[in-house]
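**Student:** Spelled out from the first residue to the last, the chains are:
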Amino acid sequence: MAHDHESAQAGTRTVLVELTVAAIIFTLGALVAYDSHQLGSGWASDGPQSGYFPFYIGLFTCICGAMVFAQGLLRLKTEQQVFVTPSQLKQVLVILLPSTVYVLGVQLIGIYVSSALFIALFMRLAGKYSWLRSIAVGVGVSVSAFVMFEIWFKIPLPKGPLESLLGY
Amino acid sequence: MEELNALFHGFSIAMTPFNLTLMFVGIILGVIIGVLPGLGGANGIAILLPLTFTMSPTSAIIMLSCIYWGALFGGAITSILFNIPGEPWSVATTFDGYPMAQQGRAGEAMTGAFTSSFVGALVAVLMFTFIAPLVASFALKFGPPEFFSVYLLTFCSFVGTGKGNPFKIVAAMMLGFAMAAVGIDIITGQLRLTFGFTELLSGFHFLVAVIGLFGIGEILLSMEEGLSFSGHTAKINPKIVLETWKKLPRYWATSIRSCIIGCWMGIIPGGATPASFMSYGVARKMSRNGDKFGTGQLEGVVAPETAAHAAGTSALLPMLTLGIPGSPTAAVLLGGLMIWGLQPGPLLFVEQKDFVWGLIASMYLGNIAGLIVVLTCVPLFAAILRVPFSIIAPVIVVICAIGAFTVKNNMLDVWLMIVFGVVGYVFKKLDYPLAPMVLALVLGDAAESSFRQSMLISQGDLTVFFSNWLVGSLTGLALFALFWPLISALLTRLRSPGAGGAT
Chain A
-5 MAHDHESAQA GTRTVLVELT VAAIIFTLGA LVAYDSHQLG SGWASDGPQS GYFPFYIGLF
55 TCICGAMVFA QGLLRLKTEQ QVFVTPSQLK QVLVILLPST VYVLGVQLIG IYVSSALFIA
115 LFMRLAGKYS WLRSIAVGVG VSVSAFVMFE IWFKIPLPKG PLESLLGY
Chain B
53 MEELNALFHG FSIAMTPFNL TLMFVGIILG VIIGVLPGLG GANGIAILLP LTFTMSPTSA
113 IIMLSCIYWG ALFGGAITSI LFNIPGEPWS VATTFDGYPM AQQGRAGEAM TGAFTSSFVG
173 ALVAVLMFTF IAPLVASFAL KFGPPEFFSV YLLTFCSFVG TGKGNPFKIV AAMMLGFAMA
233 AVGIDIITGQ LRLTFGFTEL LSGFHFLVAV IGLFGIGEIL LSMEEGLSFS GHTAKINPKI
293 VLETWKKLPR YWATSIRSCI IGCWMGIIPG GATPASFMSY GVARKMSRNG DKFGTGQLEG
353 VVAPETAAHA AGTSALLPML TLGIPGSPTA AVLLGGLMIW GLQPGPLLFV EQKDFVWGLI
413 ASMYLGNIAG LIVVLTCVPL FAAILRVPFS IIAPVIVVIC AIGAFTVKNN MLDVWLMIVF
473 GVVGYVFKKL DYPLAPMVLA LVLGDAAESS FRQSMLISQG DLTVFFSNWL VGSLTGLALF
533 ALFWPLISAL LTRLRSPGAG GAT
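Chain order of the listed sequences is A and B.
Under this note's numbering, residues -5 to 162 are what the first sequence spells out, in order.
Under this note's numbering, residues 53 to 555 are what the second sequence spells out, in order.
Take these hints with a grain of salt, some might be off.
[Unchecked claim] The list that follows gives simulated cross-link-like pairs (lysine-lysine, DSSO-like), each with its CA atoms no further than 30 Å apart:
hint, chain 1, residue 1, chain 2, residue 2
1, B, 299, B, 337
2, B, 215, B, 481
3, B, 344, B, 215
4, A, 148, B, 193
5, B, 291, B, 344
6, B, 337, B, 215
7, B, 460, B, 480
8, B, 480, A, 84
9, B, 405, B, 215
10, B, 299, A, 153
11, B, 298, B, 344
12, B, 344, B, 405
13, A, 71, B, 337
14, B, 291, A, 84
15, A, 71, A, 84
16, B, 344, B, 299
17, B, 298, A, 71
18, B, 193, B, 405
19, B, 344, A, 71
20, A, 122, A, 71
[What the hints assert, rightly or not] Residues of chain B clear of chain A, computed beta-carbon distances all greater than 12 Å:
hint, residue
21, 56
22, 192
23, 309
24, 392
25, 542
26, 543
Treat the hints as calculated values from the structure; they're not laboratory data.
Quick caveat: nothing in here was measured; it's all calculated off a predicted structure.
Built from N, CA and C at the ideal position, the CB exists for glycine as well.
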């Protein structure tokens, strides 16, 4: 754990993230309550309307969001705890960004090719493995997933040009 | 006696070669899932659920529940050898388990952990066998108000038993309910909260949420710690096992206490994690060696493991009898029941006897199988842990993506999985609990429809939830749990001036 010794000042403070999340929760709650109210949150001739239950859910969400926000404000000056240090954030992004690109890849060229590329490139670039091992693991996982899902369990997964070339 | 007959019938269903094979496959998969970071009982089962759609429900639940037992066993391995709890409920196992491994007593610690897990599970299954049918026949008399008050009690218990900020617990829960409401209203057929996006028509599927929140979220959290693990090696041979077994009867009092704590915390939706902590704390207070806890006491491994496994097992009781899961993993299993076309709840015991008793019998057999597998294969599972995280991480992301896609064959779900992953990461870091959110998402529709039916019966009068002693005491208990943080804060404030501020 090399990053334990970094200065405590670096990185985003937890309390700021806390306030942001509370504000988002409040907004979501307000959105739910508003939409439910539009639908009708009251009583129709045949019983409670569609928005009856969600309206209160939205209302409670707002209350909780506001309370957490208020609690955060009280600690705004005093609390110095760091939410995530720059090096931790970097580590998180090392997997999060490639994963997002991977999902885009799944959408565009199918899951099998993207998976092989994703695993191989991640192992090579983040794990510093040799090209041979990286490609072997990537292709291995993809092929076993293909055999398991397309052939064995007959569950179709997203496929792209390569698979259609092979006749699937 | 009737239960015993039914149980033996259950054994005859569970003992077919096919089901026994599934049992071992499930246990092994479960231990692997429990050992790997980023894959836990809940999202492991969520990912594998689509593969069981072609099986009969009984075989499917036998396999999935065995994955669950396996994950419960597996969590202990990483805690003891690597000081990294593979599952939240094995955090307390690290306190004494890892020091034992440092002293070269890893084999003893693991034998103790596995055996006490097994004992905890066995006691919980015995309780299950005899209490579940009673609860189910009692619940047959429930109407919508009773069911809603049980739901209310379930959710309020999270506030009462949770250690965190009550507003965060409720906020997480409400977000779950809000997500459950998205899509077509099952009663009026109106679209709700879709804001014009046709993709949201069918709503958020809880399996996608579970895979994202627990799977991707956990990967992001683990990445923070860097890419390297270091751990101790374990040797388990029959001699160590026998020697440890000779020592274990000494801790009978701890075992009994931990079983009771575990069974109780599993039935009320506290779940395995608080049960293991509570049991560790109680054992430390009550034991003669209490002050030595944390330095590598076998008793400190026995207590949390017994309770965690007892709680994990008894969490299935409210799921089967009332349709209310006691833990996120039980919630995923419940979702599975619905997908297989079974309606969880008291009627299950009347209409699906084969299913229910096959499952109960498999609990006995699965835990025996589990004990055998973990005691013999520890070096193998420890080797999996040594596979570097830079290989494991992308492979788990791929497995999660496949799992998220197969839920509804929908690409949007894979995107949602990433979003849920980030939400899970941020929520974990800010101490928003994920379990109530998942449970609310699973139970949202059922809770809402029981609430609306109750309102129809009473014409919008909320006093229907106090209309008879049963529903009244359930609601009263729920409100008590909900306001417990407030009550306990007041109590400590009242007491502290008298006690000289000792608290």
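**Student:** A separate judgement is required for each hint: does it hold in the structure or not?
**Tutor:** Verification of the hints:
no.: 1; hint: 299/B x 337/B; in the structure: holds (20 Å)
no.: 2; hint: 215/B x 481/B; in the structure: holds (15 Å)
no.: 3; hint: 344/B x 215/B; in the structure: holds (26 Å)
no.: 4; hint: 148/A x 193/B; in the structure: violated (43 Å)
no.: 5; hint: 291/B x 344/B; in the structure: holds (26 Å)
no.: 6; hint: 337/B x 215/B; in the structure: holds (19 Å)
no.: 7; hint: 460/B x 480/B; in the structure: holds (27 Å)
no.: 8; hint: 480/B x 84/A; in the structure: holds (18 Å)
no.: 9; hint: 405/B x 215/B; in the structure: violated (38 Å)
no.: 10; hint: 299/B x 153/A; in the structure: violated (57 Å)
no.: 11; hint: 298/B x 344/B; in the structure: holds (21 Å)
no.: 12; hint: 344/B x 405/B; in the structure: violated (49 Å)
no.: 13; hint: 71/A x 337/B; in the structure: violated (38 Å)
no.: 14; hint: 291/B x 84/A; in the structure: violated (47 Å)
no.: 15; hint: 71/A x 84/A; in the structure: holds (27 Å)
no.: 16; hint: 344/B x 299/B; in the structure: holds (17 Å)
no.: 17; hint: 298/B x 71/A; in the structure: violated (57 Å)
no.: 18; hint: 193/B x 405/B; in the structure: holds (19 Å)
no.: 19; hint: 344/B x 71/A; in the structure: violated (40 Å)
no.: 20; hint: 122/A x 71/A; in the structure: violated (43 Å)
no.: 21; hint: 56; in the structure: holds (38 Å)
no.: 22; hint: 192; in the structure: holds (25 Å)
no.: 23; hint: 309; in the structure: holds (35 Å)
no.: 24; hint: 392; in the structure: holds (16 Å)
no.: 25; hint: 542; in the structure: holds (18 Å)
no.: 26; hint: 543; in the structure: holds (21 Å)
Going down the numbered hints, you'll see the structure goes against 4, 9, 10, 12, 13, 14, 17, 19, 20, while the others check out.
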